[in-house]
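Engineer: Throw the hints in and build the complete structure from the sequences for me.
So you can see what is in the structure, the chains are spelled out below.
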Amino acid sequence: MESRYQILGDITVLDLSQGVAGPFCAKLLAGLGAEVVKVEPPGTGDPSRRSEPFLDGRPALENSALFAYLNTSKKSVTLDLGLAKHAQVLKRMAQDCDILVESFAPGYLDSMGLGYDNLSEANHGLIYVSVTPFGQSGPYRDYKGSDIVAQAIGALMYTIGLPDREPLKVGGEAALYTTGISAFSAAMLALHVRDTQGFGQHVDISAMDCMTVAQIHSSIHYQFGRTPVRRETNLVQAKDGWVSPGLDIGVQAGTWPKVCQLMGVPELTDDPRFSTPEGRRANQQELLGVVGEWAATKPKEEIYHTLQGLRTITGYVATVEDLLASRQFAHREFFRMVEDSELGDVVHPGAPFRIDDTIWQLSRAPRLGEHNEEVLGGRLGLSPEELTQLFSGGRA
Amino acid sequence: MGAERNEIGPALDGLRVLDLTQVAAGPYSTMLLAFMGAEVIKVESCSRMDINRGRARPAPGDTRVYPGGEPGERPWNRAAHHVHRNINKLSVTLDLSAPRGKELFLDLARICDVLVENYRASVMDRLGLGYDAVSQANPQLIYVKISSQGDSGPERDYGSLGSTLEQTAGLASVTGYEGGPPLMTNETYPDPVVGILAFGALMAALRQRRATGRGCLVDLSQREVTSMLLGEAFLDYSANGRVAGTMGNRHWDMSPHGVYPCLGDDMWAAISVSAEDEWLGLCRCIGQPQLASDSRFQDLESRRRNQAELDQIISTWTLEKEHYQVMHMLQAHGVPAGAVLKANETLADPHLEDRGFWDVVDHPEAGTYKQTTTPWILSKNPRLPAIAAAGLGEHNFQVFNGLLGLSPGEIDDLVESGIAGYTPSDGA
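Protein chains in written order, with the working numbering: chain A, 119 to 514; chain B, 43 to 470.
FYI, nobody ran anything at the bench for these hints, they're computed from the structure. It is possible that part of the hints are untrue.
With a Cα cut of at most 25 Å, we get these calculated SDA-like pairs of lysine to any residue [stated by the list, open to error]:
#1 A:LYS209 / B:SER421
#2 B:LYS412 / A:ASP214
#3 A:LYS209 / A:ASN241
#4 B:LYS412 / A:GLN254
#5 A:LYS376 / B:SER421
#6 A:LYS376 / B:ARG90
#7 B:LYS422 / A:PHE317
#8 B:LYS412 / A:LYS193
#9 A:LYS357 / B:LYS363
#10 A:LYS357 / A:MET381
#11 A:LYS357 / A:THR345
#12 A:LYS357 / B:GLY290
#13 B:LYS422 / A:GLN315
#14 A:LYS376 / B:ARG97
#15 B:LYS422 / A:GLU239
#16 A:LYS416 / B:GLY195
#17 B:LYS412 / A:VAL347
#18 A:LYS357 / B:ARG162
#19 B:LYS363 / A:ASP282
#20 B:LYS412 / A:PHE317
#21 B:LYS422 / A:GLN213
#22 A:LYS357 / B:GLU220
#23 A:LYS357 / B:PRO196
#24 B:LYS363 / A:PRO281
#25 B:LYS422 / A:ASP214
#26 B:LYS422 / A:ASP228
#27 A:LYS376 / A:GLY407
#28 B:LYS422 / A:ASP235
Structural biologist: What follows is the structure, encoded as structure tokens:
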């Protein structure tokens, strides 16, 4: 449909992964134009199909917002990899695919004859991306994971939250999304190697590794003598939400006097507690008190724009509703309407980065098994009889 | 891993990167490139070093982290964030506001494949070194522009830090105790996420260059990338008008789900149960098989409704055990669980150790420490071992003489006129 260039337009991906991390990786590959065939268990599909929230509030296999987001621009075929004849079909599909993404427990696919060693024999260029909670090696490799488990064991979570409360996780599925992003970048790296050096390989992505990479302060601070702890918040309440003033790191000398003028406290301009970035950081709670008095009557976005106009590094806590109304996001056309004639059109986040005039592919997630005939029949050349046979007698 | 490791070189062998990044997201991205074999030339100026290096002479009350709390003789080479984010890079200095500095910068751009920068969006244009100027010097160059808001729009030149991006991208709105105010991480979480994604974006741009023979601009908005972590919440609002908020450590589809207090001071273990067999495994593991048939907890919905009661029961069991013990016992019963590791514990964790995750770095000015590495392992292209972050301008001669062909005398002139150097200028 598009004439513009697609960076992965010649690449086919088999997405055997389930849940969040692996599917997000494959979604990003699809965004760049790869043809992604998602392989799901017949009947039940990817478990994320049963995840809340549901698009019309009603649980149904095709209604999960999480599934709808994570599986855009993919095709769906159903295969039960526990059945020898289905595993055989997958093996054939893997013979001419470029990238395979999977998230099974380490060793499972090997036991089905579908591990990297098996599949790369007939397809030397295959890039085989394994996305698991703990990776393919090490004493925890067989352990199960989740978003909160990754945040915990990856040393991210201990420092989040308030000092007198329990450690707190980043909301949503942030750890698993990050794991998926790591898998995407690693797959693109392996593809770079294949393009330039001619061979494929096995990529091992562990959510625990990814989270440990994401803690960019704790481990180095601890080793240099500062023990990381949970801290008080630096947010200030505005009329309709929360802001952070952003008056210390990266703020130029001329900014503070202007902020004092704006807040109607010119007497603080030369107050040694606040007149340097170091002072403002050291006396943060007092500063937040001063700003809080001024901020309490103003809308958060007004504060954000006004203070950013003075070259501060102010933030405001945006909700999903705020972002869908953000003029910055609107100007860049970040959100895209994804059409679905049956379930209704829904707004999705669009491209995570832009490269010249390449397009970001974004079409609705597939229904379970929607492309069985197209892929297994058309592409693989199974006859209607063979297709019927494939799905008879088993659990299809 | 399946494949044998043989004598294949680094994945990005031969890729040369001009690195103008500072603070976190950018330096993290170029560090990953350097780990995978790219030759990364980091450019700072003596009057405007990477903020990670801190002040030339830290003022009293400066909260930056130095080994043992001691800034030392050359604080700019010892600051924790500099040391930790600039592994395997070359360091050169150039004053980009001086004509001769700009000239040499463009000379470097001519021999590089990639430029990565994460200044405020208009800074490079104001210096006359934006995409147009640089691509004119080298049409094959890929320019990775990591900015707060992207390269267009009314907020294009707004500044941000990882912590404010958590706010403006929506992440903070869903992070917080149940019913409580929004909270941020203490890890400026968007920074590493953006850094990791920018790596993949560059790989995509390199592939495009192989196809077209031309360079390009990669426009990456940190705020947009961070908001992608909330995908399903946007869909939910779009379809149902529901605004996602804080829910503590609870989860839509899992129960029990949270952290539980363990033996010791401020020690915790995370537990999450989704599938039925995991619930049965938990009941057996904590020695209360009768819970499995307790009507209060019979299915996910009941468990979510009665989660406070259930948390009490589980806490009574976890309180008598070490957090690692809770993890190992539950995992032995097929239940997802993980110790909430503190910094000292992650450095000693046997699993990370076994996977070779940490590299021990002997930094000439900051001492010996363990370095985080990469979020991936490639079976045939191992990452390079970590080499200590360079001192300011340490590779001036190697780069200006070796790559640009400047004579020792010309390099002396650069230093004399303050265009390059090895120490911060007054007031930096």
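Engineer: Starting from the hint list further up, note which numbers the structure goes against and sort them upward.
Structural biologist: 2, 5, 8, 9, 11, 18 and 20
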